[in-house]
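So the protein lines, in turn, are chains A and B.
Residue 35 in our numbering sits at position 35 of the first sequence, with consecutive numbering throughout.
Residue 196 in our numbering sits at position 196 of the second sequence, with consecutive numbering throughout.
FYI, nobody ran anything at the bench for these hints, they're computed from the structure.
A pair holds if it fits inside one copy or across any two, identical chains being indistinguishable in the list.
Derived lysine-lysine pairs resembling DSSO-like cross-links, with alpha carbons at most 27 Å apart:
1. K394 with K351
2. K476 with K237
3. K61 with K355
4. K106 with K116
5. K462 with K237
6. K91 with K116
7. K61 with K348
8. K470 with K237
9. K351 with K61
10. K106 with K91
All values derive from a computational prediction rather than experimental measurement.
Protein chains: 2
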Amino acid sequence: MSAIRHALSVKRTDDFAQWYQEVVSAADMAEESGVRGCMVIKPWGYGIWERLQRLMDDRIKAAGVDNCYFPIFIPLANFTREAEHVDGFAKEMAVVTHHRLIADGKGGLIPDPDAKLEEPLIVRPTSETIIGDAMSRWIQSWRDLPLRLNQWANVVRWEMRTRMFLRTSEFLWQEGHTAHEDRDDAMRETLRALEMYRSFAEDVLAMPVIAGEKPENERFPGAVATYSIEAMMQDGKALQAGTSHYLGTSFAHAAGIHYQDRDGGQQLCHTASWGVSTRLIGGLIMTHGDDDGLRVPPAVAPWQVVILPMLRDNDGDEALLSYCEELRAGIAAQTALGEPVRVLLDTKPGKAAAKRWDWVRKGAPVILEVGGRDMENGVVSQLRRDRLWGDGGKPNFAAPVRDECIASIGPMLEEIQQSLLIEAQERREANVTRGVTRIDELETFYAEDQRFPGWMEVQWSKPTGTALDKVVEQLKALKLTIRNVPMDAAPADGTCIFTGEPAVERIYIARAY
Amino acid sequence: MSAIRHALSVKRTDDFAQWYQEVVSAADMAEESGVRGCMVIKPWGYGIWERLQRLMDDRIKAAGVDNCYFPIFIPLANFTREAEHVDGFAKEMAVVTHHRLIADGKGGLIPDPDAKLEEPLIVRPTSETIIGDAMSRWIQSWRDLPLRLNQWANVVRWEMRTRMFLRTSEFLWQEGHTAHEDRDDAMRETLRALEMYRSFAEDVLAMPVIAGEKPENERFPGAVATYSIEAMMQDGKALQAGTSHYLGTSFAHAAGIHYQDRDGGQQLCHTASWGVSTRLIGGLIMTHGDDDGLRVPPAVAPWQVVILPMLRDNDGDEALLSYCEELRAGIAAQTALGEPVRVLLDTKPGKAAAKRWDWVRKGAPVILEVGGRDMENGVVSQLRRDRLWGDGGKPNFAAPVRDECIASIGPMLEEIQQSLLIEAQERREANVTRGVTRIDELETFYAEDQRFPGWMEVQWSKPTGTALDKVVEQLKALKLTIRNVPMDAAPADGTCIFTGEPAVERIYIARAY
Chain A
1 MSAIRHALSV KRTDDFAQWY QEVVSAADMA EESGVRGCMV IKPWGYGIWE RLQRLMDDRI
61 KAAGVDNCYF PIFIPLANFT REAEHVDGFA KEMAVVTHHR LIADGKGGLI PDPDAKLEEP
121 LIVRPTSETI IGDAMSRWIQ SWRDLPLRLN QWANVVRWEM RTRMFLRTSE FLWQEGHTAH
181 EDRDDAMRET LRALEMYRSF AEDVLAMPVI AGEKPENERF PGAVATYSIE AMMQDGKALQ
241 AGTSHYLGTS FAHAAGIHYQ DRDGGQQLCH TASWGVSTRL IGGLIMTHGD DDGLRVPPAV
301 APWQVVILPM LRDNDGDEAL LSYCEELRAG IAAQTALGEP VRVLLDTKPG KAAAKRWDWV
361 RKGAPVILEV GGRDMENGVV SQLRRDRLWG DGGKPNFAAP VRDECIASIG PMLEEIQQSL
421 LIEAQERREA NVTRGVTRID ELETFYAEDQ RFPGWMEVQW SKPTGTALDK VVEQLKALKL
481 TIRNVPMDAA PADGTCIFTG EPAVERIYIA RAY
Chain B
1 MSAIRHALSV KRTDDFAQWY QEVVSAADMA EESGVRGCMV IKPWGYGIWE RLQRLMDDRI
61 KAAGVDNCYF PIFIPLANFT REAEHVDGFA KEMAVVTHHR LIADGKGGLI PDPDAKLEEP
121 LIVRPTSETI IGDAMSRWIQ SWRDLPLRLN QWANVVRWEM RTRMFLRTSE FLWQEGHTAH
181 EDRDDAMRET LRALEMYRSF AEDVLAMPVI AGEKPENERF PGAVATYSIE AMMQDGKALQ
241 AGTSHYLGTS FAHAAGIHYQ DRDGGQQLCH TASWGVSTRL IGGLIMTHGD DDGLRVPPAV
301 APWQVVILPM LRDNDGDEAL LSYCEELRAG IAAQTALGEP VRVLLDTKPG KAAAKRWDWV
361 RKGAPVILEV GGRDMENGVV SQLRRDRLWG DGGKPNFAAP VRDECIASIG PMLEEIQQSL
421 LIEAQERREA NVTRGVTRID ELETFYAEDQ RFPGWMEVQW SKPTGTALDK VVEQLKALKL
481 TIRNVPMDAA PADGTCIFTG EPAVERIYIA RAY
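Just chain A, same shape as in the assembly:
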């Protein structure tokens, strides 16, 4: 038995949902705002989002996509038009109906009846329609194509059951919207975005994902093809962490996005859209969190290294602080993952042990404690968040001399980044069941009382229409969904687990967030 006293009160294996909430709170990432379904993203959570946003934005810019900004309000008429074109159009939206408050005569305020809008405005749930309007103005000829736009924005979808980062009424995201001459070019963009997300998830978030096409029943309403990246959380469930859609000409038709082709004829554009959101942070938590809190991959850690001087409120503090400041400056001059190391000298008031555990829960990759004795010996007490516990249930401190600590910090951060990825990859591989060919086997597997059954890769004949509906229902009874058809899978070589017909491809099946 381990004698470890973990920093959280709930273990992943005991109650994963409760553990998740505790990490969000104990790592000081976010909290309920008191406004239904909306969260406050606190500095540590927002700092991770900013890192993530900047690194994704660099990739978006490098791909030649232009950022811009469209209004938060969308006229109701845009949705009327879309509702005509799109089955499954979602109607849970925040509706603005008035533009003024007025005193109610009883000490309160009410919407002013004289300030009712002629046409209600919708707080954007996504910007397809308003960006489509702009594209119809901005595109005249093939010379204007491709037109590739991206927006970082807040969007609102009225959600009944919310969960911080994973599903909130307001969330932050980027939405790419592009218009092209033909199917091929639009599909190239759709897959480019998918690959951008896949490599970002793995290289930056250290979160292995499966990139693939969603089945027909899981497509974005109105899309011709929807692709996703799917990540396995530590409870074996899948998280759809990003999507990319080829929209054909249906959105162009609805918004009137035409262009004059090279022969002078009028054509409809083919459009695509792609997005990731603050949901990625939920994925980060459920990929890298442990029973001591979050572990932030160094690439997105707002502070990669935190120095904690063990101050005693006495004359010795000055020398200690100066020793720590030299340490900080030395580390700040290092690089890791192609950027200067982000290091904080944390001099906030508080007990050193309490501060250590705060940073453990937040998941700073490396914590350096420096007490009077460390200074005398010219060393630093160094704790790696990914190797927190040593023998005997004690924190696994190393004690390098200061210069060695400084010189090794860059490679160490890179090693942590890599090791988090490998750990997650190995866990995923251990939790994918392959080779099941009979539906009763699948049913037995998921009906069993396994805590975290994981994913199953099976082969199928890609049924459509009512045949697909039947499959979806069958899976739904087990709370399962088809996640996607992986891009890089081996060719099918068996029969379909659902229909018994020859299989045409492999799919992943899982419970999902």
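Dock chain B against chain A, hints included.
The following block gives chain B in isolation, referenced to the frame of chain A:
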């Protein structure tokens, strides 16, 4: 007479308001969205905002302020509370009353009467109250102070008369909100933010500003003191380009932001707030624009250098593109203003001359044209946007050899940055009238039919209450306002232009946006 044929159809001196609209449109910065009072910020305009945002954010982070994110929706009750505490509380806000759309049975959509919110939600006009709520939860003792938060967000104020970038219903901004132990610390923060804005405006936007305290009648509702930076536009009007407020304890009282002090007693925090917005881009246009469009200071130009190859759609194009690519790579390896030079090789289809004038209107600091003859001679045709016209009304091209062009680009960009600032400073100084001591002189001066009368610096006795109201009315008749009391002015040495009493300080008077 100059034979110059300018790139815009309207000159600043002919119709400044019309000229402004033309720059916004001709520089491809923004356009009306069709949604009342909201604009679409196009890639060039948004690119400038991103530059500005990143450089301001660097300063905010360097000051130790933490970014975070609060909900876009604020419960009505927060405003009821604020309306009690704050005179002059503005009520023009977007009010969300429903959370679902439903078909109206006639092919349209309406807000679902069954989905009416129990309490309406307000789209944030500013986040004082909701951040105040969080501060009241997050602050327990003096150890938690100062608490310094900042948010980059969109906000909405229902505006009747809108003008792109200057006054729009939705705009983008940052809002800093800080809580402190006492007046001194809160005031230190208020003035730190003010100085951050002042130096940012001058060093980054090349926009000289006067930092100072607003008179009592111009304070933010509820503030104890409001400070601003004021910039002179080319029509001589003032633009309030950023504000910083010391809020005393009134907002802390309303939101219940208490702390336990060092002696164990309960105290109210002193709070401050400070913000700048997309309005700064309006200021940029009216400071640096000319009759050929915008001139973007290199520090905030998304592309500082644009290379235009004069392609002929023939066999020579390949060699020309390769010559241009070497030029691009050479320039990209240079630095200016402490960052790598941002250079674009623009290969979009289109006539070279048309593309040149597009980039002139957008205000790229340096345009490099390369034709076949340039390549043969090993040179580059170089055009500085701040010295566009040469003798005889022709664009003022230089023809440095390519390597020399590359080597000189960094210093040239820095010189352009500096020269735009000096030009604006000299213009402002030439348009401030000083030494007027009698109110009838002031009245005559502003009553005259001068196109751009500029600002006046006068001395006053700092009247308050009804005496101040009288002054404000007197100025209002001339469409004038008191801008601020400059921080660095010479001491008063005369009598008050309004009251005849001994003056205590100097103030700036101007027409304003």
